Amino acid sequence: MKKTVLLGALTVAGLAAGAAAAGTLDDVKARGTLNCGVTTGLVGFAAPDANGEWAGFDVSICRAVAAAVLGDSKAVEFVPTTGKTRFTALASGEIDMLARNTTWTFSRDVDLKFEFTGVNYYDGQGFMVPKDLGVSSAKELDGATVCIQTGTTTELNLADFFRANNISYEPVPIETNAEAQQQYLAGACDVYTTDASGLAATRATFDDPAGHVLLPEIISKEPLGPLVRHGDHEWGDVVRWTLNALVSAEELGVTSANIAEVSAGSNNPEINRLLGSEGTLGEMMGLDADWAKSAIMAGGNYGEIFSSNIGEETPVGLARGLNAQWTNGGLLYSPPFR
Amino acid sequence: MTTLSDPPQESFRLSQLIYDTRYRSMTIQIIALIGFLLLLGWLFGNTAQNLADLGKEPSFRFLSEPAGYDINQRLLEYNSQDTHLRAAFVGLLNTLVVALLGCITATILGVAIGVLRLSSNWVVSKLMMIYVETFRNVPVLLWIVFVMAIMIETMPAPRAFKGENPASEMMLNDSVAVTNRGVYVPEPLFTNTLGDVHLFGAASMRFDVSLDLLALMLVLGASLWGASWFRKRADKIQELTGDRPKTWHVRLGLIVVPTAVLLYVLGFHLGYPELKGFNFKGGTHFRNSLIALWLALSLYTAAFIAEIVRAGIMAIDHGQSEAAAALGLRPNRTMKLVILPQALRVIVPPMISNYLNLTKNSSLAIAVGYMDLTGTLMGITLNQTGRELETVLLTMLIYLAISLSISAVMNMYNNRVKMVER
Numbered sequence: 025m026k027k028t029v030l031l032g033a034l035t036v037a038g039l040a041a042g043a044a045a046a047g048t049l050d051d052v053k054a055r056g057t058l059n060c061g062v063t064t065g066l067v068g069f070a071a072p073d074a075n076g077e078w079a080g081f082d083v084s085i086c087r088a089v090a091a092a093v094l095g096d097s098k099a100v101e102f103v104p105t106t107g108k109t110r111f112t113a114l115a116s117g118e119i120d121m122l123a124r125n126t127t128w129t130f131s132r133d134v135d136l137k138f139e140f141t142g143v144n145y146y147d148g149q150g151f152m153v154p155k156d157l158g159v160s161s162a163k164e165l166d167g168a169t170v171c172i173q174t175g176t177t178t179e180l181n182l183a184d185f186f187r188a189n190n191i192s193y194e195p196v197p198i199e200t201n202a203e204a205q206q207q208y209l210a211g212a213c214d215v216y217t218t219d220a221s222g223l224a225a226t227r228a229t230f231d232d233p234a235g236h237v238l239l240p241e242i243i244s245k246e247p248l249g250p251l252v253r254h255g256d257h258e259w260g261d262v263v264r265w266t267l268n269a270l271v272s273a274e275e276l277g278v279t280s281a282n283i284a285e286v287s288a289g290s291n292n293p294e295i296n297r298l299l300g301s302e303g304t305l306g307e308m309m310g311l312d313a314d315w316a317k318s319a320i321m322a323g324g325n326y327g328e329i330f331s332s333n334i335g336e337e338t339p340v341g342l343a344r345g346l347n348a349q350w351t352n353g354g355l356l357y358s359p360p361f362r
Numbered sequence: 006m007t008t009l010s011d012p013p014q015e016s017f018r019l020s021q022l023i024y025d026t027r028y029r030s031m032t033i034q035i036i037a038l039i040g041f042l043l044l045l046g047w048l049f050g051n052t053a054q055n056l057a058d059l060g061k062e063p064s065f066r067f068l069s070e071p072a073g074y075d076i077n078q079r080l081l082e083y084n085s086q087d088t089h090l091r092a093a094f095v096g097l098l099n100t101l102v103v104a105l106l107g108c109i110t111a112t113i114l115g116v117a118i119g120v121l122r123l124s125s126n127w128v129v130s131k132l133m134m135i136y137v138e139t140f141r142n143v144p145v146l147l148w149i150v151f152v153m154a155i156m157i158e159t160m161p162a163p164r165a166f167k168g169e170n171p172a173s174e175m176m177l178n179d180s181v182a183v184t185n186r187g188v189y190v191p192e193p194l195f196t197n198t199l200g201d202v203h204l205f206g207a208a209s210m211r212f213d214v215s216l217d218l219l220a221l222m223l224v225l226g227a228s229l230w231g232a233s234w235f236r237k238r239a240d241k242i243q244e245l246t247g248d249r250p251k252t253w254h255v256r257l258g259l260i261v262v263p264t265a266v267l268l269y270v271l272g273f274h275l276g277y278p279e280l281k282g283f284n285f286k287g288g289t290h291f292r293n294s295l296i297a298l299w300l301a302l303s304l305y306t307a308a309f310i311a312e313i314v315r316a317g318i319m320a321i322d323h324g325q326s327e328a329a330a331a332l333g334l335r336p337n338r339t340m341k342l343v344i345l346p347q348a349l350r351v352i353v354p355p356m357i358s359n360y361l362n363l364t365k366n367s368s369l370a371i372a373v374g375y376m377d378l379t380g381t382l383m384g385i386t387l388n389q390t391g392r393e394l395e396t397v398l399l400t401m402l403i404y405l406a407i408s409l410s411i412s413a414v415m416n417m418y419n420n421r422v423k424m425v426e427r
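Residue numbers (the working numbering), protein chains in the order written: chain A, 25 to 362; chain B, 6 to 427.
It should be emphasised that the hints constitute simulated quantities derived from the structure, not laboratory data. Take the hints with a grain of salt, since some may be wrong.
Simulated crosslink set (DSS-like; lysine-lysine; CA at most 30 Å straight-line) [as the list claims (entries may be wrong)]:
| # | chain 1 | residue 1 | chain 2 | residue 2 |
| --- | --- | --- | --- | --- |
| 1 | A | Lys155 | B | Lys167 |
| 2 | A | Lys98 | A | Lys53 |
| 3 | B | Lys281 | A | Lys155 |
| 4 | B | Lys286 | A | Lys163 |
| 5 | A | Lys155 | B | Lys286 |
| 6 | A | Lys163 | B | Lys167 |
| 7 | A | Lys108 | B | Lys365 |
Here the structure is a predicted model, which is why all the values come from computation and not from measurement.
Throw the hints in and build the complete structure from the sequences for me.
Written out as C-alpha cells, the structure is:
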C-alpha cells in the first residue's frame, strides 16, 4: 500500500512536472546532460560493459543525440527502465527520450501521447526453445509454458497468436530480461518469447548458445524506435533528424573514419548540408552547424553502430535483413537533408 | 456600603478572534482548514489542468475495453478478449486468495512458534528465537525472491519426469508432482455433478458458484452444528449428574457420515495430474509464484505473530498458572483453558495490523510474476492503456476496501473476546 501511494503521488507530481516544463531542448542544454531511458540490460542493445560504461545499439542513439545537442557523447545520464516503468518515466519527464527497443504502435503514439521519431530496428516477435525440446514450429507449442516480459506488446501478440491458432499456453509474466533468462535456463518455462533481436542478444550470453534455437515463425511486426513526449515538436525533430543523420551518413558513405576529411568539404552538396559546411540546417533546429558531424563521430553511422553492437561479427550475430539501406533491399530510408 | 456596578457589556470586536483565548484556537483551526482545502484544491486543479494539457482527461472507459492479455492463475473463466475490469477482478481474487492462505498459515505457524519460544527446553526456545530474528529482520521482498529462486533452481523441470528412466518421479503413489513450475496435486471431481450457478449474467463481475461445493458446505455446516449441540447436551448431563456420557463416537459419526454419503452420491473421485506434452495436465496446479509468495509472506508474518503471542502469554500474571496448577490442571490444559483465553485479549488487536500488513505486502507479487491486483490493474492494464492516475486511484481504493473489511471483521471478533469490564 505504501508503495502504491508513493507511486500515485509520484505519478501526479511527475505529470505536473512534465507538463510544466518549457522545451525539452532548452532543458537539456541548460542541464548539460541528456536523460535517456534504456533497458535494464540487454546485451548488444543496452548494457553496462566491464568498465560500467553503457554500451549498445540503443545506447548509441542516446549518445548520438547527446553529441548533436551538447557536443559531448558522454553527457548522457542513462536511466534503466523496465517494460512497465518506461512510459511513466517518459510521460513524467524523468527522461528526455526513450531508446529501449520500444515498438511503435497506434495506441502508444495516439492514446499514450508519445511521439515516435523513427525506426532504428525493424523487428518481429519470435520464440526461442531449447534444441532438445524437439520443436520446429511455434504451432507445436500447444500447452507450453511461455516466459514473457510483462507490459510489452509481445504479451498481447502472444495472446493473439495462440488464440488465432486455437492452441493453449501458460504465460509466466516476468519483469526483466535477466529474470526471464534465469527461468528459461532452469526449465521453469519451455519457451521464451520477445523480439527476435532480443532473443538473439539473450542467447549470445548463454553458456551454450548452440543448444537453443529460434523458431522460424515471426508473429508480429515490431518497428522499434526512440520516442519522446507528444507535443514538444522541436525536441522531437532533434531526435528524429539525429537518427536520420546516422542513416543518411551510411547511405552517403560518411563514416567515423573519413568524416574529418569529408567535413572539410566534398563535391556532394547533400553531404555538405548534412555536415554543416553548407546551408544552415543546424541553426534551423536550434543546434550548432556541426551537430550531425558530432552525432556521427559519437559512434559512427548507422551501419557502423549496427555492426559493432549487434552485427554478424558480434556474439549477438544479427544479419542486416530488413535493416539494410533501401538501396540494398532493406527498409532504411532517410528523408533528404535539404 | 455596597457598590453596584453594571455587569460588563458583552461586546465582540474582530481583534478578539486573535487576542481572546476563548476564540483564538477556533480561529487558528479555521485558518488551517482553509489553507489545507486550498492546498488540496490546488493539487486537484493542477493535476486536472496538466492532464487536460496532455489530452488525457480522467476517464474510466478503458475498463470496458478488451484487456488483450492472458493471466495464468485464474479462479474465474477469463480469456484475453475479456475486459480490463474482468482482468482486474481476476487479479483481485488472486490477491484475496494469497492473503487468506497467508493469514491462515501465518497464524498457525506464529502461534506455535510463539508458544514454543516460551518452552523451558533451551534448544527449542533458542531455535525459535533464531527463526523469529532471521525472518523478522530481512525484508519480505528478499524472502519472496529467495523462495522463488529455490523453487526454480532446485526442483526438477517437467521434462525430468519423461522417458523410461526419468530423473525425477512423482510422489505419494504417483499423485503429487513437484516441479519447478509448481506443485501438481490431485483435484476433486464429481461424476454426478449438480452443476454451477451463474451469477451476474454476462457482466465483468460474473462468476460461477459450484453447487457441489455449496451442498458440501451446507451438509458439513449442519453436521458441525449437530455435533456441537450434542456436546452441549453432554455438558448439561455432566452438570446435572456428574457423569459425562461418551460422545466422541456419535459426534464423529455426525460429522463424517452425512458428508461421506453426499460425496458418494455426487460420485466423488480424484483427478490425478499426468505428464502430457510440455506440462502436467489434470489435477490442481499450485504455481510456484503462488507458493513462493504464500510461503514467504507466511514465514515472515509468522515471526511477528510469534512475538505478539509471546507478549500476550507473558502478559498473563504468573499467579494464574500457579492457581491452575493448584487446582490440579495439567500444563496443556492450563494453557488451553486458563492462559490462552486471557492472552487472546492482548493478542487480537495487534494481530489485526499484521493481517493488514500481510495483505498489503502481497502487492509485491509481481516480483515473482504472480498476477494479483497490482500485477493486473496497476501493472499490465496501466501499461497498455496509459491511464496512470485512474488505475492507481482505483487500486488504492480497492486495497483500502480490503483492509477496512479485514479490520471490521477482526474488530467484531475482538469485541467478542475482549475483557468484559464490570
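Hints, one by one, checked against the model:
1. A:Lys155 / B:Lys167: holds, 16 Å
2. A:Lys98 / A:Lys53: This hinted pair holds, its Cα atoms lying about 14 Å apart.
3. B:Lys281 / A:Lys155: Holds. Lys281 of chain B to Lys155 of chain A sits at ~19 Å (cutoff 30 Å).
4. B:Lys286 / A:Lys163: Holds, at about 19 Å.
5. A:Lys155 / B:Lys286: Answer holds: Lys155 of chain A to Lys286 of chain B is near 23 Å, not above 30 Å.
6. A:Lys163 / B:Lys167: With Cα atoms ~22 Å apart, Lys163 of chain A and Lys167 of chain B stay inside 30 Å; holds.
7. A:Lys108 / B:Lys365: The hint holds at about 20 Å.
When held up to the earlier numbered hints, the structure conflicts with none and fits them all.
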